[in-house]
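Trainee: Each chain is listed here by its residues.
2 protein chains.
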Amino acid sequence: MADCLFCKMVKGEIKPDIVYEDEEILAFRDISPQAPVHILVIPKQHIPTLNDLEKDHAELIGKLFLVASKVAEKEGVAQTGYRTIINCNRDAGQEVFHIHLHMIGGRSMKWPPG
Amino acid sequence: MADCLFCKMVKGEIKPDIVYEDEEILAFRDISPQAPVHILVIPKQHIPTLNDLEKDHAELIGKLFLVASKVAEKEGVAQTGYRTIINCNRDAGQEVFHIHLHMIGGRSMKWPPG
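Protein chains in written order, with my numbering: chain A, 842 to 955; chain B, 842 to 955.
It is worth saying that the hints were derived from the structure and are not from the lab.
Keep in mind that this is a model prediction, so the values were computed, not measured.
One should not assume that every hint holds.
Identical copies carry no separate label here, and so any pair may be met within one copy or between two of them.
[Claimed, not checked] Derived lysine-lysine pairs resembling DSS-like cross-links, with alpha carbons at most 25 angstroms apart: (1) 856 <-> 896; (2) 896 <-> 885; (3) 911 <-> 885; (4) 856 <-> 911; (5) 915 <-> 896; (6) 951 <-> 896; (7) 951 <-> 856; (8) 911 <-> 951; (9) 849 <-> 951; (10) 852 <-> 951; (11) 885 <-> 915.
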């Protein structure tokens, strides 16, 4: 998707602060962090929202969480805790229409989650 | 796990307000809803936290999101939007140590997510 911010990162046209990368997944620091640790984990494949998931995306979406927990460990927040969030559409505040998991840690979080 | 609240729901010993069920997954209304729609989606398999995920859990975790989006559609919030959250450990406020996805919708949500 030529005009997708995250696809541009996947292609290397925009350079985020990358913390993890493999063939299917990219993880990088959020430019507007909401906690001491705030990482975005995205599939390289362009899937706009959770509503666009097909059955054969299941393994890929699950892998985002394996990466999130691996990154949480590296960042030193796995044991203290972290919150993972995927927003879908307007009410949730989704701004980039390419699925992304927020992994937030390093401080105590409140409930409700926004 | 004999003393796990969600395992008791899976076994039918405690009866939640179920909105979806298949062989691997159960979804039910949160008893302390934080929005007009607040559903918990859990794997029937007992996995305590995101830190306990193994590679072969990926597809199962992804399926939680396919179910969340299906339930969001049924509940009438797929287009307006919904937030999905999985908490890990104390800082995130995880209370039941059996992985569960919160699907929250039906109102506008704030940022940061708690």
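Trainee: For each hint given before, does the structure comply? Return the numbers of the non-compliant ones in rising order.
Mentor: Checked against the structure, the hints that fail are numbers 1, 6, 7, 9 and 10, while the rest are satisfied.
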